[in-house]
Each structure stands twice: as C-alpha cells, then as structure tokens.
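K.L.:
Let the sequences and hints guide you as you build the complete structure.
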Amino acid sequence: MALWAQMTPQLQYLPTQTLNELYPDTFPLDVRHYLATWIEEQRWENFDVDNMEQEPQARRLLDQMVLLLQDVAQHNPNVVERVKLQHISRNLSVFQAQPMQLVRTVRDILRKERHLLSQAGMHPNFPAFQQIPQGPPATNGTPQPAKEDVFADACLQNWCEQVLIVNGKLRQELMLVKRDHGDAEQFHKLEDNLAHLLKTLIQSSLVVDKQPPQVIKTQSKFSTTVRYLLGEKMAPGKPVLLKAQIITEAQARNLGQGVIPNENVGELINSTAILEHNTSSKSTCATFRNMSIRKIKRADRKGSESVTEEKFALLFTTELTITGCESPYSIQTISLPVVVIVHGSQEINAMATIIWDCAFSEPNRIPFIVPERVPWKQMCEALSSKFMAEVQTQRCLDRYNLHFLAQKIFDQPDISEDFSNMPVSWAQFNKEVLPGRNFTFWQWFEGVMDLTKKCLRDYWSEGLIFGFIGKQHLHVILQNQPNGTFLLRFSDSEIGGITIAYVGPSDNGGRKIQNIQPFTKKDLDSAGLGDRIRDINCITHVYPDLPKNDVFRKFFTVPSPPNPDGYLPFKLTTVVNPGDPCSSTSNIPADNSMDIYGQPMNNVYGPNLNPGMFSP
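Under UniProt numbering, the first residue of the sequence shown carries the number 1, and numbering increases by one thereafter.
Derived from the structure by calculation, the hints contain no laboratory data.
Predicted model only: the values in this text are computed from it and were never measured.
Hints may contain errors.
[What the hints assert, rightly or not] Taking CB as the label site, the calculated pair distances span:
{"id": "1", "residue 1": "96", "residue 2": "396", "range": "24 to 34 Å"}
{"id": "2", "residue 1": "79", "residue 2": "553", "range": "52 to 62 Å"}
{"id": "3", "residue 1": "79", "residue 2": "281", "range": "51 to 61 Å"}
{"id": "4", "residue 1": "292", "residue 2": "93", "range": "50 to 60 Å"}
{"id": "5", "residue 1": "71", "residue 2": "420", "range": "35 to 45 Å"}
{"id": "6", "residue 1": "187", "residue 2": "277", "range": "30 to 40 Å"}
{"id": "7", "residue 1": "328", "residue 2": "425", "range": "17 to 27 Å"}
{"id": "8", "residue 1": "378", "residue 2": "184", "range": "33 to 43 Å"}
{"id": "9", "residue 1": "553", "residue 2": "526", "range": "14 to 24 Å"}
{"id": "10", "residue 1": "416", "residue 2": "259", "range": "47 to 57 Å"}
{"id": "11", "residue 1": "420", "residue 2": "165", "range": "23 to 33 Å"}
{"id": "12", "residue 1": "281", "residue 2": "553", "range": "45 to 55 Å"}
{"id": "13", "residue 1": "396", "residue 2": "59", "range": "17 to 27 Å"}
{"id": "14", "residue 1": "365", "residue 2": "26", "range": "35 to 45 Å"}
Cβ atoms here follow ideal geometry from the backbone N, Cα and C, with glycine treated the same way.
P.N.:
This is the structure we're talking about:
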C-alpha cells in the first residue's frame, strides 16, 4: 500500500480529465482505493499479457478481486458506498472474457502512478515535477518516450500552470492587503518570497522532453527536444530562440553556483531552435534536428581514467517573458550526461559509464557524481532491467542467473552464500578484466544481451534458455539425468556465445557432462539455433525431460522448394564431433570413397564405380 499512500495526496492536484484517463470506467478509483494493499501485493509485472497459458492465473486474480470487493461492500456502513461497490464488483465481469485485459489495465495504472511519483519533489523549491518521465533506455542508453509520457506531460504542464495562477492570485491579495494596512516590512518579505517562487517556477519549467543519445559519436547526427511547460503563458512577441552548447562535468557543477560557461569545449552543429506552440497538444517545444558534434575538447584525465568515462551534457539557454511579468527571465536546463566517442569500438565501454550513471545516481546530485561502489542487490536490479529492456522481453533474470553473475564478477565460483549486500565496484564492473579472460564483466554481459536480442529473443522469452549458470551448478542439476538431456547456457569464456551442455556416455560406460562449442551470432545467422538442435542426434530432451522436437519444432526451418531455375536447394547441417556414433552423419559408411565435395562417389556415379579411375 506504500504506492497508494504516496499517490493519495497527489490526487487533489490532478484535473478531472487526467483522473478519468488514469482510472477508467472499467477499473474506477474506488477499486484502487479499497483494494490498495492487495493490488500492490500481486505480481502484475510477471505476466506476459500475450501468453494465453497464463490466462487461468489472471482469471483467479479477477475472481479474488471480485470477492474482496464484495466483502468490502458488505462491511461498509455507508449504504451509498455499499451499493456503489456492489455495482462496481458486478461491472468487473467485463474482464471475464479477457482476464488478461485486467492484468494489462492494473499494470498500466501502477506504472503511471510510479512515473508520476518518481518525478515529484525533485526540485527543492518547485512542488511540481522537474523532468518529463522517460521510458526504458534504448540501445544507446537514451531514455525513449514511454506510453505514459503523454499522460505525464499533461499533468506536469497543468500543475505548472496552476502554480503560476496561485502565485499570481497571492500577489494580488498581497497588494490589496498592503493598500488596506500600509506598507509594513513583513509585507515586503512576503512580496520577496512570492517573487522568488515565481522566478523558480519560470526557470524550472524548461525541461528536456526528448533526451539526446547518451552515447554520441562525433560527426553523427542526432536530435533532441526541449519543452517549456509554461508555453501558453508566454508573452506574445518575437519568437523565442533556444541555444544549445556542450559542457563538461565541471561546468555543469558550476551552473549550481550561477556560473554560465564561457569556454567552448566542443563544436556543436545546428545548435539553435525556435520554441513553437502546438495548439492541438497545447505543448510548446523546440526541436533540435540534425545536430552533431564536430569536435570535442577533452579534459585532463586522472590515473587510469578513460575517455569513455568522461561525461558531458548539453546546456540549453534562452530568455523569455511571461504574461503579467515586467522583466524577461533567463532560463536554462541541461540534458542527462552524455559520453562523446570518436570510434564505434568505444561504444560498449561508453555504455558502461551511462548504465552505471543511470542506475546508481541519486536525485538532486551534484553533476554527475555517482558512487564508486554499490551493493550487489542494486546491481542485480540494474542488470535485470537492462537485460529486459535491451532484449525487449518480459522474462527477467532469475535468482540462479543472478547468483552466477555474482560468482563471476566477484571471482568466487565456489561460494553459494548470498551476495546481496556485498559491494561491487565500478572497477569490477568495467575496468578490470575477468580472471583468465581479456574482457571485463560488462563487455561479456553486453555480448550476451546483444546475441539474445538479435538471435535468441523468442527462445529466452519462452524459458527455453537456462542462461547464466556455472559449471558446478550445471553438474548438480544434470548429473542424475539420462543420456541425451541438455540445456542451453550462455558461454562463460566467449563474448556473445551460447552453448549446449548435455549428458553423454563416458568411456567407462558411465555418464559425463559435455559442452558443445559455443554458437555466436555469425553461426546462428547461417543456421538458427532450432535447426542446430534438431540436427544434433546426441541430444534428445531439454532439461528436465521435454522432448526436443516437441519444444523446438516451431523454430525448425521448413525445407525450401526447388528453385525455379532448376537448382536443387541445400541446407547446412550441424555435426558434433564428426565420426562419433552420435553424430548425425554416422550413417555414412566409413569406407565409401568421397569426391572433392565430401560426397560418397557411388551416390553420384553409381554402385559399379571403380575408385581407381580417380587415382593419380
């Protein structure tokens, strides 16, 4: 109920239209209020709303909700409320045909509430939100607009305008009091306080609506949008021009002391834009299109600090006048931190800097300070969220995956204890190479994400890939399984690889666990994972005991028909340990003569072929 306890005081500031959008007729505010604790205890985010196999679980939640609401109604002493709640509980039957729609509705409501609350109170002198809510990071780390943004934007702008109106009314009231009671000193204090609050409101209403990419390569084009939340209150006149410039971390810190940067540290192309008002959306925005950084001036680095650890930001400045105010105001805002690179090979390390910053920075921090160490449990949340966002899946990393990742980053493969409170450092994340490897933890983890996103998303989302697992754990779960049992795990030794671990016969007649050479993106581009699993005869059942042909059939490639030009189609076949009895080519007689293409010659020339005719 913690979320609802925070949300309740904010409801009075929301316009009726916004409340109606947040709590639709199918799920009114009353349900959210009376069942707040139960609603927040359910795991709505664990549902895959497109997976019909989870529909019975969703229907059980619907039935529980109806029963709880009926119970609340029965014990409500207020007759009007009682009848209203009974009516609402009956109306919930609209979800009976599609219980997943209930899951989607409740999940979206909770997401919108969190978006609103996460932005509240970020500025000490400004009661409304300071920044527009952003969606999950895209590939380059830049938060992209989420579905909830339209809703949040309307709230932010409405609250800014309401605060401006309240400030104006208070100033008018103060003028009347001064007229009736004289020009006392205490009135001057109130006047100064209101003027300061007005200035803070006007200056804090400039926000970055669409952030620039947080990893920017020089000479590459990008765009960004800045929005002024009091745009409808701007005094008419000449167009308002916004200017952008790139600033260092040190310059961003000095902005807090009112120091405007005068040193140019980078050449920014297309760095101006006009604030334009859109009457249909009632938004006032300046969109910087086709921006690029032509060159950048680096600061002196300390010790082993890399260029991919250096943070910059875009500073946006302008001067404007608000209707009813005599003087113009100089206003400014900065983007989220960005890392500037000059070559694509720097992108992965630059992304590590951005991931660490986005995941572990504190609200209202001094730009752009982040902790050097964080508890592993925080790192778990960041890794799982990033994995889900990057791969675009609803399946998170489970506790087994996260435990193996902890063993890897801390180099403690034999430890089975809880790592939750163990501190993990930035150096362990992306400066120090892993023991026995030539890459860092982040470089390895990013390679797995990239492979999964490009080649394995459906396999992962359907739970067919075990994922991150150590060899000790692998031995524990497979040691008592029959020959042919296998599971899919991400390679521990190679960046961007997935391997098949399976139970096979040992030389002494027992069983042993073997690992097939990892498949990379290049391998899976030539033949998909499903086809490779089909081809390998020595694997039969995916752990624990599911026949592989039943589970992976949907991923098998359908044989191609003959080409219209008469050529016969061919396919690539995966062979494990050629010559082994379990190999898919073991049915070819060993003494057959082969042609230069590796084919038995009697298949081509007939059974009466004299092999000697081809001898030198």
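K.L.:
Hint by hint, say whether it matches the structure.
P.N.:
We went through each hint and held it up to the structure:
1. 96 with 396: 24 to 34 Å: Holds, since residue 96 and residue 396 (Cβ atoms, about 29 Å apart) stay within the stated range.
2. 79 with 553: 52 to 62 Å: Because 59 Å falls inside the window, the suggested range holds.
3. 79 with 281: 51 to 61 Å: 44 Å, violated
4. 292 with 93: 50 to 60 Å: At 56 Å between Cβs, range holds.
5. 71 with 420: 35 to 45 Å: 37 Å, holds
6. 187 with 277: 30 to 40 Å: With Cβ atoms ~36 Å apart, the hint holds.
7. 328 with 425: 17 to 27 Å: Between residue 328 and residue 425, where Cβ atoms are some 48 Å apart, the hint is violated.
8. 378 with 184: 33 to 43 Å: Since the Cβ atoms of residue 378 and residue 184 sit about 53 Å apart, the hinted range of 33 to 43 Å is violated.
9. 553 with 526: 14 to 24 Å: Because 21 Å falls inside the window, the suggested range holds.
10. 416 with 259: 47 to 57 Å: Holds, at about 53 Å.
11. 420 with 165: 23 to 33 Å: Violated - the Cβ-Cβ distance for residue 420 and residue 165, about 48 Å, lies outside 23 to 33 Å.
12. 281 with 553: 45 to 55 Å: 48 Å, holds
13. 396 with 59: 17 to 27 Å: Holds, at about 24 Å.
14. 365 with 26: 35 to 45 Å: Holds, since residue 365 and residue 26 (Cβ atoms, about 41 Å apart) stay within the stated range.
Checked against the numbered hints given earlier, the structure breaks hints 3, 7, 8, 11 and satisfies all the rest.
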